Structures are given as C-alpha cells and as structure tokens.
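S.K.: These protein sequence lines are chains A and B, in that order.
Be aware that the first sequence starts at 7, since it is given in the working numbering, and climbs by one per residue.
Be aware that the second sequence starts at 7, since it is given in the working numbering, and climbs by one per residue.
The reader is advised that the hints may include incorrect statements.
No distinction is drawn between identical chains; accordingly, a pair holds when it is met within one copy or between any pair of copies.
[Unchecked claim] Calculated cross-link-like contacts (lysine to aspartate or glutamate; reagent style DMTMM-like; alpha-carbon spacing at most 25 Å):
id : residue 1 : residue 2
1  : 278       : 157
2  : 13        : 81
3  : 278       : 81
4  : 13        : 157
5  : 278       : 60
6  : 278       : 142
7  : 278       : 184
8  : 13        : 184
9  : 278       : 230
10 : 278       : 129
11 : 278       : 19
12 : 13        : 28
Note that these hints are calculated values from the structure, not bench results.
No experiment lies behind these values; they were computed from the predicted model shown.
There are 2 protein chains.
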Amino acid sequence: MTTTATKAHPFDDAVALAPASDGTATGRTTAAYSNMVGPFGGITAATLLRAVLDHPERLGDPLSLTVNYAGPIADGPFAVTARPTRTNRSTQHWSVELRQDGVVATTATAVFGVRRETWTSTEVTPPPAPALDAVDAAEFPDFIAWGHNYEMRFVEGGMPSPEAGAADESTSTLWVRDTPPRPLDYPALAALCDVFYPRVFLRRGQFAPAGTVSLTVYFHAGADDLTAQGEDAVLATARAQHFGDGYFDQSAEVWGRDGMLLATSHQLVYFKG
Amino acid sequence: MTTTATKAHPFDDAVALAPASDGTATGRTTAAYSNMVGPFGGITAATLLRAVLDHPERLGDPLSLTVNYAGPIADGPFAVTARPTRTNRSTQHWSVELRQDGVVATTATAVFGVRRETWTSTEVTPPPAPALDAVDAAEFPDFIAWGHNYEMRFVEGGMPSPEAGAADESTSTLWVRDTPPRPLDYPALAALCDVFYPRVFLRRGQFAPAGTVSLTVYFHAGADDLTAQGEDAVLATARAQHFGDGYFDQSAEVWGRDGMLLATSHQLVYFKG
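Chain A on its own, in the form it takes in the complex:
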C-alpha cells in the first residue's frame, strides 16, 4: 500500500495564512504568483479576502471588496490584520491591512452579508464568444510568473505583439480558469477579477510600467453558484473608460455557467507614458 501526500494547489499555497497570537495572521509571497514587481495584485486581493473568511467572527459571504495597493510588497513574509468595523444583523464591515516590517503595503475594506432570495435580473449580457475548445490557449511571457497559473483563451484583445500598433478599443475577453483546475471560491473569483493585463498596453500597442492602485469587486455569486461553477472556465471581459494624468479606470465582468454573472469589478490603474 502506498500513500500519496496531498499537495496544496499553488493558489491555496499562495493565499495561506497562519494565525498569530496577537490577532494578526502571517503569510508570505510565493514565486508562483510573482509579477514584474512584487506579487500579482489578484493574489494579494485573494489573500486579504482569505483573512476575513478565516476570521472567527466572520458573518456570511463576501458582497464587496476594495483593495488599495499602497506600496510594493517585497518577496517574503507579511502580516495581515482583519478587523470587523461593524457587525449588523445580516451584514458585516471589515477593514484589513497588510504590513511588512510594520509598514502598510496594502489596505482593504470588505462587506460581508447573508444572502436572501429576492427578485433577480441580470441587465447586461455576456460578450459573444465561441466555445472554450474553439479558442487557442495564450502563451504568457516567461517573466510574468503568475500568468502561468491561469489557462487564458483570448476571444478578443489578446496580449499585443510588438508590431501590433495602437488600437481604438481596450476590450479584452477571454475564457480563463486556474491551472491546474481548481473549484471556484470567493478568493479565486477575486483574483480572476484582476487577471487582465493593463488596458493601456492594448490601446497603445506597447508595454509600459503600469499597476493597479485600487480594485473593487462586487460578488454576485452565492455559495451555490460557485459550487455549480466548479472547475469550469469563466468568461471574463474588461475595458477601460478613460486614460489621462497617469491613470486609467477599468470595468470588468466575470461570467459563469448558464450566463450567470458571478462578479463585476472595477479598478483604477497607474500607468507611465
């Protein structure tokens, strides 16, 4: 008889937090989710959400999350403090900070709540897309480590080639899921909301320094919707509204099985140029 040690999925390894006695939790960056500078913003968002999900006083499921990327995160350990700022009957508000050597690197607020059945309507429609298998998987540049944890099949607006030139539109639409596949949960959904390369690359047809300053996620999926989604790819789409003064904003939708809108997300991004 042989036993096989179960190895955590790289995503779970990256967002893992160990509670410390002083109410903080400690985590550390992992090479698998590193970006050009520091970790992938999506994995940081997932980690801060994880801190709330793990908290013994947590009530309900995530409704909204805003993450502010205040400064770079160095490779290595960090401390996460999640504090319930107010607990109501069916909603709960959180304030979260990630520090390294006592210095704040990331802050977040989150609203959690108990979902209850109401009138429902999805007013927007998913972007047109061929079936997953009909779209080729993209190759991600080697120097962007985190990209290798996602299977990305661009329907529109793939990473521009060096000779692409400027584009009139900043829309990217892709089928995307964790690789190796992993059942969708709230932290993974939060990370997927940040999976889009900077819109300014697409518009200008060239790479330039860029980084998310503030990311907001509205979670429309209940726990049952996430279970139904399982390991299937989601259809994710994003576009910018305005570029100027060194910043642009991006709005995104993440669509699941049966045309379910799992999340909408918005971010403000710094860019140089």
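Using the hints provided, position chain B relative to the given structure of chain A.
M.R.: Just chain B now, kept in the frame of chain A:
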C-alpha cells in the same frame, strides 16, 4: 454703506468639519441633506473626502474614494478620523472612519495623488442628450429633503410614477447641478456620483427600501477641469448590471463641459423585494 453677511452654501454647511485636538474632526448632519433614514449618502461621501482634503498631511488631489455605509447615521453630531496609511512620493493612501457615540457608522478609503500630464483618451462616449434648457426640471418628492439641493433634468429614466409599471432597462440620464449653483469641487463631484435614485425603483416601477452599501468614485478631473466646469450642470448617467439576493450594482459616469469625463463611479446597493 451696508454689509452683507456671507452665508455658506448648504452643501458647504453640510460637509463642514471642525478639527478637534485629538486628531479627529467633528461634524453634524443638516436637515437640508437628510434622506428617508439618515443623511443622503452622497453628502456623507463628500464629508469623508472633506476630512482628507482638510488634513494637514494631505498630498495631492483625490484619485479614488470608496465609502462603506456600515450603519445608519442618526441626526446630530459625528466624529471623523482620517489617517494616512501610507505616503509615497506622488501618491497617498487614507483610511477614514465616521463614528457616533464611538460606534462606526461609515468607513472609507481614499487614494490621493499628484496628477501629471500623460497620453490621454476617453474611450466611452457621453449619452445622447438635448441641451439643458430643452429638458424640464424634475419635481422631487417632499419627503426626500436632499433632492431639493439639486436641479435635476432627466433626459431618460426619470423617477417612475406610481402607474409606470416595470421597465426593461435601469438607465437614468440627467443634467444635474447644485441648487443654488455652486462651483464644482471634489466633494461636490463625489456627492453627484450618488445622486441617482435606486435603480430597482425604475426596473420594478415601485418604491421599496434600498440603500447604498459601498460606493466607489474614480476622479478623472484634475483641479483645472473642475475650475473650467464652474457652476455648469453635469450630464450624469447610471445603470445597474445585476440584481439578486437583495443587492444590485450600479455604474455611473459624470460628464462635464466639452465632453470631459469628470468621474466614473460604482456602487453596491441593498434592496428589499
């Protein structure tokens, strides 16, 4: 010779804060901006932004603001604490809390920064609208006090009449400005982002309890753009993406003179029904 005492605009009166010696500032609700329960969410957002703008350590202008409405604000005084969580060379991150009797009622985070000229492009287009004078001013119900501080001229999606019935779309577009007119500044722009009545009223053709849970504003306008806007009306448009489980999300754009996108804004709203 006669002298005339200058009376503050009701907006400035509502967002006024008096610094206290312990680093907090004190404000109070005003009847002019009261809503069905507590104050208009936009005036609270403006007040929290005011707290950062007034802070002696503040660097640059607002880039993004997220306000979480954690609990009701009772008529009367409140304390606002604004704390710089991290100051970089050209950006600064803030955490803000509004308390009454020591209990958190509202939290916010904000990113401020120094704007610098870069490549600029507005990818979205303003909604079609006739000139301001060609649109009638709306009558706001008497029981919603704050509405009387805004001149609203609905181009599309005005407040539904009792016999309106359900609608397929949740879009409202309106010319809107403070009344009496007041030069636009960042707090007023933040408040304008929350000027839309709940989208669920329009979709369902009936009123029901609803309230903003989390509001995010991305400020695209620089200080010069605000000066250029002056007292002119802005063209504001909003729509929902998804309604379900007691919440819906709304995305909005605020357009100024010469087709300038002054701000984009998003919110998650609680509703009953």
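S.K.: Check each numbered hint from earlier against the structure, then list the numbers of those it violates in ascending order.
M.R.: 1, 5, 6, 7, 11 and 12
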